[in-house]
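Read off the chains here:
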Amino acid sequence: MRVVRILLVIGLIATGVKLVQVQAFEAPALSAKSQRQRSATVDVQAVRGSIVDRNGSPLAFSVEVRTLSYRPQAMRKQWDQAAAKHPGQFDNYEAHSAKLAQRMQDVLGVDAHQMLAKLRSAAKFVYLVNNIDPSKARTITDEFPEVSAEVRAVRDYPGHNLASNIVGVANWRMDDPDTRNHNLHGLSGLESSLDLMLAGTPGHQVVDTEEGDDGVVIPGTVRQTQAAVDGSDVVLTIDGDVQYYLQEHLAAFAKKAGAHSASAVIMDAHTGEVYALANDKSFDPNKPTYDNAAMANPAVSNPYEPGSVNKVVTALASIEYGITTPTAVHEVPGQIQVADRTVHDAWSHGLLQMTTTGIFAKSSNVGTLELAQRVGPDRFSDMLKRLGLGQRTGIGLPGESPGSVPPRSQWSGSTFGNLPIGQGLSMTVLQMASMYQTVANDGVRVPPRIISAEVRPDGSRVQMPRPQGIRVVKPQTAITVRNMLRAVTQGAPYPNSGTAPQAALPGYQVSGKTGTAQQINPVTHTYSNSNYWITFAGILPADSPRFVVGIVLDRPVYTSPDGHSAAPLFHDVASFLAQKYNIPLSKTETPVVTLQLPS
Amino acid sequence: MTAPARTDKKRAAGAAAKTGAAKNGAAAKAGATTVEQPERLAPAERPRRTRSAAAERAYARRAQREGRRDGGPRVRTRPGTEPVREARAESRPRRQPVPRKQASTATFVVLVISMLLVGVATTLWLSTQAIADSYKLDDAKKGVAALSEQAEQLQREVTSMDSASALAKRAQELGMVPSGDPAYLVVGPDGKVRMVGDPKKAEAPKPPKTTTPTSTSTPPPAGHDAAGHDADSHGGAQADQHGQDHG
Numbered sequence: 001m002r003v004v005r006i007l008l009v010i011g012l013i014a015t016g017v018k019l020v021q022v023q024a025f026e027a028p029a030l031s032a033k034s035q036r037q038r039s040a041t042v043d044v045q046a047v048r049g050s051i052v053d054r055n056g057s058p059l060a061f062s063v064e065v066r067t068l069s070y071r072p073q074a075m076r077k078q079w080d081q082a083a084a085k086h087p088g089q090f091d092n093y094e095a096h097s098a099k100l101a102q103r104m105q106d107v108l109g110v111d112a113h114q115m116l117a118k119l120r121s122a123a124k125f126v127y128l129v130n131n132i133d134p135s136k137a138r139t140i141t142d143e144f145p146e147v148s149a150e151v152r153a154v155r156d157y158p159g160h161n162l163a164s165n166i167v168g169v170a171n172w173r174m175d176d177p178d179t180r181n182h183n184l185h186g187l188s189g190l191e192s193s194l195d196l197m198l199a200g201t202p203g204h205q206v207v208d209t210e211e212g213d214d215g216v217v218i219p220g221t222v223r224q225t226q227a228a229v230d231g232s233d234v235v236l237t238i239d240g241d242v243q244y245y246l247q248e249h250l251a252a253f254a255k256k257a258g259a260h261s262a263s264a265v266i267m268d269a270h271t272g273e274v275y276a277l278a279n280d281k282s283f284d285p286n287k288p289t290y291d292n293a294a295m296a297n298p299a300v301s302n303p304y305e306p307g308s309v310n311k312v313v314t315a316l317a318s319i320e321y322g323i324t325t326p327t328a329v330h331e332v333p334g335q336i337q338v339a340d341r342t343v344h345d346a347w348s349h350g351l352l353q354m355t356t357t358g359i360f361a362k363s364s365n366v367g368t369l370e371l372a373q374r375v376g377p378d379r380f381s382d383m384l385k386r387l388g389l390g391q392r393t394g395i396g397l398p399g400e401s402p403g404s405v406p407p408r409s410q411w412s413g414s415t416f417g418n419l420p421i422g423q424g425l426s427m428t429v430l431q432m433a434s435m436y437q438t439v440a441n442d443g444v445r446v447p448p449r450i451i452s453a454e455v456r457p458d459g460s461r462v463q464m465p466r467p468q469g470i471r472v473v474k475p476q477t478a479i480t481v482r483n484m485l486r487a488v489t490q491g492a493p494y495p496n497s498g499t500a501p502q503a504a505l506p507g508y509q510v511s512g513k514t515g516t517a518q519q520i521n522p523v524t525h526t527y528s529n530s531n532y533w534i535t536f537a538g539i540l541p542a543d544s545p546r547f548v549v550g551i552v553l554d555r556p557v558y559t560s561p562d563g564h565s566a567a568p569l570f571h572d573v574a575s576f577l578a579q580k581y582n583i584p585l586s587k588t589e590t591p592v593v594t595l596q597l598p599s
Numbered sequence: 001m002t003a004p005a006r007t008d009k010k011r012a013a014g015a016a017a018k019t020g021a022a023k024n025g026a027a028a029k030a031g032a033t034t035v036e037q038p039e040r041l042a043p044a045e046r047p048r049r050t051r052s053a054a055a056e057r058a059y060a061r062r063a064q065r066e067g068r069r070d071g072g073p074r075v076r077t078r079p080g081t082e083p084v085r086e087a088r089a090e091s092r093p094r095r096q097p098v099p100r101k102q103a104s105t106a107t108f109v110v111l112v113i114s115m116l117l118v119g120v121a122t123t124l125w126l127s128t129q130a131i132a133d134s135y136k137l138d139d140a141k142k143g144v145a146a147l148s149e150q151a152e153q154l155q156r157e158v159t160s161m162d163s164a165s166a167l168a169k170r171a172q173e174l175g176m177v178p179s180g181d182p183a184y185l186v187v188g189p190d191g192k193v194r195m196v197g198d199p200k201k202a203e204a205p206k207p208p209k210t211t212t213p214t215s216t217s218t219p220p221p222a223g224h225d226a227a228g229h230d231a232d233s234h235g236g237a238q239a240d241q242h243g244q245d246h247g
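If you read the protein sequences in the order shown, they are chains A and B.
Just so it is clear: in the first sequence, position 21 is 21 by the UniProt record's numbering, and no numbers are missing.
Just so it is clear: in the second sequence, position 225 is 225 by the UniProt record's numbering, and no numbers are missing.
Bear in mind the hints are in silico, worked out from the structure with no lab data behind them.
One thing to keep in mind: the hints can contain errors.
In silico DSSO-like cross-links for lysine-lysine, where the CA-CA straight-line distance does not exceed 30 angstroms [what the hints assert, rightly or not]:
#	chain 1	residue 1	chain 2	residue 2
1	B	K142	A	K136
2	A	K474	A	K385
3	A	K587	B	K142
4	A	K587	B	K200
5	B	K169	A	K255
6	A	K256	B	K201
7	B	K200	A	K256
8	B	K142	A	K256
9	A	K124	A	K99
10	A	K580	B	K200
11	B	K169	A	K580
12	A	K136	B	K192
13	A	K255	B	K192
Can you build the whole structure from these sequences, using the hints too?
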């Protein structure tokens, strides 16, 4: 009995010792080993938010795809060994890779020869095909388990070139050494500037799984969960249809006019929301390579000298300060001396009797400068500032230029002979349209915006703060100027025709202003007589404004019929907008007014 | 901490339990031997075992439970420790064994064992179910993934066909052309209809396809359906009402 007892005690002691050894000394190593056998880290993708237009039509969204990869070196060894060991039962690598390549051609439509070249290369690791449909990838990986499929996402731009300069492009980035951080990121446009909002944060969790199958999670073993946070959707103020129309027609018009480039914007007359912002050049973000030159957004980044469109500043100031009335008659000579410069009108004439309306409708430089001098440089400079010139509009697009206005302290004698007629200062097409938005909105300037709202992953909609309106002139001043500028589109017998009767739209009152600005000749550093910026800014309808349109053409062929005015394009755009938004006809026709007294 | 450690602990606990059982077994055996060989329980040998008071009490209680007489002398080896219990222990064994009590003990044991078995079976069944469910879940997840892929694919197709550029292309293929400036029919306050604008045939753009250009703009006669439609939508009171020429 004693022997039994001793044996039992020894057994107990041995067990105890083993227990201590396993629990105290080997525990970390053992648990790590078991962990490796069954635990797996499952990555959870964060879906990048979509970019949608004001009607909810997507301009950009993400699609989950797979990228197939292979280990040619290891697989060659494995298959050849298997074939050598069991001849007849296994293919050798040559035959196997040929089968795989053929199957990939059948399922994925890729070139079998190209695939074969990759499969038979001496590389350790190759990517076979990028960005394929997950179901097709599964067909391949089910049949050939040695092919591995990486989860990726691609950005789809259903409209191709539509708003591509605004939206930009995002692609799959693998620069981070931690593969868990591989994700879609923006390269240009809003995709780049709103990347933080759109991208979201990928998550992951550690689970215990059935060996070899990450799908079968042992219940209750999910741990270390870091939830994936999807990106937010971004709602733009852009209307896809209007954007498409403007983009197509601007590009066609720029081509017809032989312009180097062109930009245009359509914005809401009251809220400053941008309905369309177009350049004549755009790119297709769905293509694998992009034309760098076409990826920029000159509409916000390239300022230009506006020309006569800037006469609206003088018009606003001279009415606001009670210097003149629309029907007051002025004596306008053929030229005017400002400091050491002589400024002419665009057409040669002697002394004319022009109404204030006539000065702006016929775009007389001399008459405008006469009025500007009565306004005075200080009040004029102040008006430029209040209209937002020389300051970024804060539209929300990357790379916005503030344009340039010489500070009042640096004006020379002739500066005040330049600025009122739109030379010697520069602005973007947005700033130009914003000036006319002030006129359309009864004197309150609302800085333009292009991002309407953010839709969070939980579905809550966060409206972007609307900018505060800035009172620039009295409401009556804005209405008077708006009515005066209707005469620009007046088509009446000589001498009462405005500069842009082509801009008129039957049934609607239209206000607008044409502009032709000389460009600086880079060789002589003087204003050129053949290179111009052709501009137009208009309000539709003038009696109850809904939209403001701004257009600029860079260096069109001035002598061609389409190269000297952007008014026909404005007409087409206005006609489209009137139909698309069912804008009610103006209550009365535009009254015909006297622009110039018969001499 | 991690599961394996837990498992190890359990295993250890199991081992400990086993050892315990072995010990008890040994003790029981020892007990059995004491019954068979009472001579080994000679009072001279007792002090060697040096049982604690608690152990003594436990033995006493067991002896009482088993209702045997020879439990008595063992307890009595230490007189004076617990005279009351001793007295009870003395008195009970003298009675006849009660069969009812034995039956209830057996029932109790059977009950405990069956509960244990049921518990173990339930646990097993539940965990089997959980595992089976996790396979079902995996299948369901795969199904959901496949369906959402399909939905995504279909959505993608719809979106790409729904985009402005695709629609414009389709319209062009169908021979449609932009309508140009429409003419409007305006119903005056007096009910008279006047036409604003100049209705024109829409013209196909310069490079036409081989298909015959379709004229799409045929203005309806004045005061016809367009004006009626107009009056419906606006109430027909003001002069600025217009009917759009859907050309």
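Kindly indicate which numbered hints from before are broken by the structure, ordering the numbers from low to high. Hints 3, 8, 12, 13 contradicted; others consistent.
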